[in-house]
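Assemble chain B onto chain A, guided by the hints.
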Amino acid sequence: MTAPVPTLDQRPEPGGAGCLLEVDDLRTSFRTDRGMVRAVAGVTLNLERGKTLGIVGESGSGKSVLARSIMGIVPNNAEREGSIRFEGTEISGLSQARMREYWGQQMAMVFQDPMTALNPVLKIGRQITESLHEHLEFSKEEANQTALALLKSVGIPEPARRLKEYPHQLSGGMRQRVMIAIALACGPKLLFADEPTTALDVTVQAQILDLLQFQQRERFMGMILVTHDLGVVAGRTDHIGVMYAGRIVETGPTRTLFAHVRHPYTEALLQSIPKIELPSHSRLQSIAGRPPNLVNTPPGCTFAPRCPYAQDRCREEEPPLIEAEQPGHFHRCWFPVGTPANPAYNAEASAEATARGEATFDRIAAAKADAAREDSTASAGFAPAPTAVDGEADADAESSVSAAGAGNVGGIHNRAGDDDAPGGGRPRRRQPLRARRQTSTTDNGERTDGR
Amino acid sequence: MSIGAWLAIGWLALITALALLAPVLPMDGPNESFGEIAREGPGAEGHILGGDGIGRDMFSRTVYGARSSLLIGVASILIGLIVGGLAGLIAGYFRGRLDTVLTGTFDILLAFPSLVLALSLVSFFRADPEAGTGGLPPAQIVVVALGIVSIPILARITRANTLTWAQREFVLAARAQGAKHPRILFREVLPNVLPAMFSIALLGIGVAIIAEGGLSLLGVGVELPTPSWGNIIAEGRGSLRNAPHIVFIPSIAIFLTVLALNYMGDVIRTRFDVRESAL
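So the sequence lines, in the order shown, correspond to chains A and B.
One gets this note's numbering by counting positions in the first sequence from 1 and adding 505 to each.
One gets this note's numbering by counting positions in the second sequence from 1 and adding 1 to each.
It is possible that some hints are incorrect.
In silico lysine to any residue, SDA-like type, Cα no more than 20 angstroms apart, as pairs [stated by the list, open to error]:
#1 B:K181 <-> A:E606
#2 B:K181 <-> A:G598
#3 B:K181 <-> A:L627
#4 B:K181 <-> A:Q610
#5 B:K181 <-> A:H638
#6 A:K628 <-> B:L191
These aren't lab readings, by the way, just hints derived from the structure by calculation.
In isolation and in its complexed conformation, chain A is listed as follows (with noise of 0.2 angstroms):
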């Protein structure tokens, strides 16, 4: 299945990549009859083309709507401040009208449950040629050979078919590959992808997941990944975010991040992530509380109320974006985890959580490698993990592939949604190749975020 990449993709040559989005001290609020909710509350943030920055927080910690802001398009009742720049233009300012010419061409975004994201009543054809109409004037010829090269890149099988079928004829796998080769149309520099498996089967998770790093890589594109799973990011990212109320508490290169957690909330996230290894029953870790009300921010560190290791200090100072010894990783906290600042420094279990947190991350990225090389071998002798970690749909896919082991990766993937897995085999056996240009260009020292 050599299926042709849509002529629309205009990829540029990887060099003369520059800075894609430039995020500048980001607010929103949403007016409401309780006062402002201050939803974004100062983020930062740059881009490369070509790179991944995935955005993690729980839910109501502003991901979602930090997403939304950046593309503009947040309900009536939003007030947005800050600085947008896309390759260099100034977009927070601009009108709807003008807005027009980048959604969709320039950036778009794949959103959360593809139950709701999709039209119940239009075919999917219909769906795709849409926006090919809308921005590139195509005919109607033009654009359903379009349509079907989009439905085969992204690993829909009979696509003649599935261009003239509803969405409740698709499972929900195949409508979030839907969704995708929309977002893809016309093929857009920046993709946002909120939240893209958090309604899906944790069989199908994966495979979404790969499909989206795939396009992000064969494009060239930037892509924002927003989830509340640390698990789903660790693998197929390059920079990472950590939110909490509104603001970015930690950031930096992927695998430094894993290394060296700084910021007790991402800690928590951290140990939040079920492990396989633990014996059955053992009590999931939570983060105790709940988030702020976002109305009526105390003053000092958000996160001070749920955090373990809290001083006087953290409850009165906000703390500052503060850089980290290794390059490029910030957070805010006035007492890091795993630095002589914090109450419960140790320096031995500092050291074993620096390793622990690089092999969870080579686990998972070497568990993907291995998963893209073996493609169709491993299935025999496989329990289905993924399933007996958690029935929640909140249950993620990635971490429990994590655990699982290398080996058991191919299984999950070839045992996967029925219909789903005829494409899932392309995008990976390309990866390989691609995973190592990926790491090559990974230590250019590109910032994601930073003051």
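Relative to the frame of chain A, chain B by itself:
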């Protein structure tokens, strides 16, 4: 589909076919008078439904009455559907001040008793035939009046449905793909709202047919001698004691038609709901 649905479809098809084919059907004209069947009940020789007060064939009058009644019902609801539907779509999609103004207008229109409103509209349009306002034939005046009365009802239903559909994520997704408002409104939202609009419109046709009857009783409906179900009842109500069939026959026709329309409205709504629940 259930037997009920088929019966409803069957009745509507029959009555529509009769109404359309009335001029070519082998029956007496609606205004031909036969003295011998005056006030005769159904079963009279050659006149299966008998005759009315002055000996006109009841079957013929009922069929021709269907012509006016159905036409008035459909045409007036069509006006309401187009004007009210558009207003409701716009109000529900754009919200804001426009919505406040439009919804306020609908509420004011709805606050009038509908028959009184229709009555005053008919009198208004008829008010001054010489001044040029009365250019419309009476039947069309009734259509326009009932159309106006139906606007706020259809607008409100459309607005309520638009509100929920416009907040769906696919609308945001279409926006994020750079679609313009008219495109989103008519190509994304409208197809989802149509089933609800359509099922209410069917109910509305029934209500309009009844309302035309009401106007006829008050003497401002379709002008005699053209029969409509309403004015046949109005004419016959004087002889209810000795010739009740004159009132009953058109009443039964109205009853069955409205029942069938209501039933079809429900059927359509549930049929379209299936697709959504499958999601």
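**Asked** For the pair supplied as a hint, K181 of chain B and H638 of chain A, is the alpha-carbon distance within the 20 angstroms limit?
**Response** Given pair K181 of chain B, H638 of chain A holds - Cα atoms ~12 angstroms apart, limit 20 angstroms.
**Message:** Hinted pair, alpha-carbon criterion (20 angstroms max): K181 of chain B, Q610 of chain A. Please report holds or violated.
**Reply:** holds (14 angstroms)
**Message:** Tell me if the straight-line CA distance from K181 of chain B to G598 of chain A falls inside 20 angstroms.
**Reply:** Satisfied, since the Cα-Cα distance of roughly 19 angstroms is no more than 20 angstroms.
**Message:** Tell me if the straight-line CA distance from K628 of chain A to L191 of chain B falls inside 20 angstroms.
**Reply:** With a Cα-Cα distance of about 15 angstroms, the restraint between K628 of chain A and L191 of chain B holds, given a limit of 20 angstroms.
**Request:** For the pair we were handed, K181 of chain B and E606 of chain A, check the Cα-Cα distance against 20 angstroms.
**Result:** Answer holds: K181 of chain B to E606 of chain A is near 11 angstroms, not above 20 angstroms.
**Asked** Is K181 of chain B close enough to L627 of chain A, meaning Cα to Cα at most 20 angstroms?
**Response** holds (17 angstroms)
Comparing the model with each numbered hint stated earlier shows that all of them hold.
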